[in-house]
Amino acid sequence: GENVEQHPSTLSVQEGDSAVIKCTYSDSASNYFPWYKQELGKRPQLIIDIRSNVGEKKDQRIAVTLNKTAKHFSLHITETQPEDSAVYFCAAYMDSNYQLIWGAGTKLIIKP
Amino acid sequence: EAGVAQSPRYKIIEKRQSVAFWCNPISGHATLYWYQQILGQGPKLLIQFQNNGVVDDSQLPKDRFSAERLKGVDSTLKIQPAKLEDSAVYLCASSLSALAGGGNEQFFGPGTRLTVL
Numbered sequence: 001g002e003n004v005e006q007h008p009s010t011l012s013v014q015e016g017d018s019a020v021i022k023c024t025y026s027d028s029a030s031n032y033f034p035w036y037k038q039e040l041g042k043r044p045q046l047i048i049d050i051r052s053n054v055g056e057k058k059d060q061r062i063a064v065t066l067n068k069t070a071k072h073f074s075l076h077i078t079e080t081q082p083e084d085s086a087v088y089f090c091a092a093y094m095d096s097n098y099q100l101i102w103g104a105g106t107k108l109i110i111k112p
Numbered sequence: 001e002a003g004v005a006q007s008p009r010y011k012i013i014e015k016r017q018s019v020a021f022w023c024n025p026i027s028g029h030a031t032l033y034w035y036q037q038i039l040g041q042g043p044k045l046l047i048q049f050q051n052n053g054v055v056d057d058s059q060l061p062k063d064r065f066s067a068e069r070l071k072g073v074d075s076t077l078k079i080q081p082a083k084l085e086d087s088a089v090y091l092c093a094s095s096l097s098a099l100a101g102g103g104n105e106q107f108f109g110p111g112t113r114l115t116v117l
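Going down the list, the sequences are from chains A and B.
For the first sequence, the working numbering begins at 1 and goes up steadily by one.
For the second sequence, the working numbering begins at 1 and goes up steadily by one.
Isolated chain A (complex conformation) (with noise of 0.2 Å):
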């Protein structure tokens, strides 16, 4: 079945610095990755998502790549804010069998 590895599994940084979180996803058939942001004692929200036909997406200081061949996928947060402190964690979907795997979380830690 599908597999999704995220790494690292801690990432901390200065603000105003740059963050990159990557996955691997080991099922070529994928074809929607989302992100999500889950700040403590709160719920998962979506915060960018890349479909398979995509390479790359922004929205302000978030961007999602996407590198089908090698099959990962990274989240890029620029210009880091305290308020980015949280954990990320992606995901891919297959339609085959309509399920949503998630990796395992990065913690993001923003030093002021």
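It is worth saying that the hints were derived from the structure and are not from the lab.
Glycine included, every Cβ here is placed at the ideal spot set by N, Cα and C.
It is possible that part of the hints are untrue.
[Unchecked claim] Cross-link-like lysine to aspartate or glutamate pairs, in silico, EDC-like; alpha carbons within 20 Å at most:
id, chain 1, residue 1, chain 2, residue 2
1, A, Lys37, B, Glu105
2, B, Lys44, A, Glu2
3, A, Lys107, A, Asp84
[Stated by the list, open to error] Over the 12 Å line for every Cβ pair with chain B, so calculated as not near, a few chain A residues:
id, residue
4, Pro8
5, Leu11
6, His72
7, Glu79
8, Gln81
Dock chain B against the given chain A, drawing on the hints supplied.
Relative to the frame of chain A, chain B by itself:
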């Protein structure tokens, strides 16, 4: 637009007792998910409904967990009997339709924090 509603928000029970959680998804959302999230881990899918049918319950411990979505709208998740390792946050989520193809956003409720003593 109202979000996903869950109740109760918190529950403390003794092991071997039973407990039930309720979820009301966003109006018009055909797909409903129950997740278990243990502290420090990612969400683990327990069961996925499409309307009132089960799409995936492969990770639901069926000897103690049950779930239903009889009318294809709200849903209940039950644990009977509870074990210490069931302590977690139980998240309900909904989406327009997982079966429509292409994947779509899941909207999460606030969760129910269960503590089993």
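Inset, instruction - May I ask you to check that Glu79(A) keeps its beta-carbon over 12 Å from the closest beta-carbon of chain B? - result: Consistent with the label, Glu79(A) stays out of reach of chain B, its closest Cβ about 25 Å off (over 12 Å).
Inset, instruction - Assess, step by step, whether the Cα of Lys44(B) is no farther than 20 Å from the Cα of Glu2(A), and give holds or violated. - result: The given pair, whose Cα atoms are some 14 Å apart, holds under the 20 Å limit.
Inset, instruction - Compute the least Cβ-Cβ separation between Gln81(A) and chain B, then decide whether it is above 12 Å. - result: holds (23 Å)
Inset, instruction - Quick one: work out the minimum CB distance from Pro8(A) to chain B and report holds if it exceeds 12 Å, violated otherwise. - result: The claim stands: Pro8(A) keeps its Cβ more than 12 Å from every Cβ of chain B (closest is about 14 Å).
Legend entry - Pairwise hint evaluation, Glu105(B) against Lys37(A), where the allowed Cα distance is 20 Å at most: holds (13 Å)
Inset, instruction - Given the hint that Lys107(A) pairs with Asp84(A), test it: the Cα-Cα distance must not exceed 20 Å. - result: holds (10 Å)
Legend entry - 12 Å Cβ clearance of His72(A) from chain B: Correct as stated: the minimum Cβ-Cβ distance to chain B is 18 Å, above 12 Å.
Legend entry - Whether Leu11(A) stays farther than 12 Å from all C-beta atoms of chain B, as the label says: holds (16 Å)
Violated hints are absent here; each numbered hint is respected by the structure.
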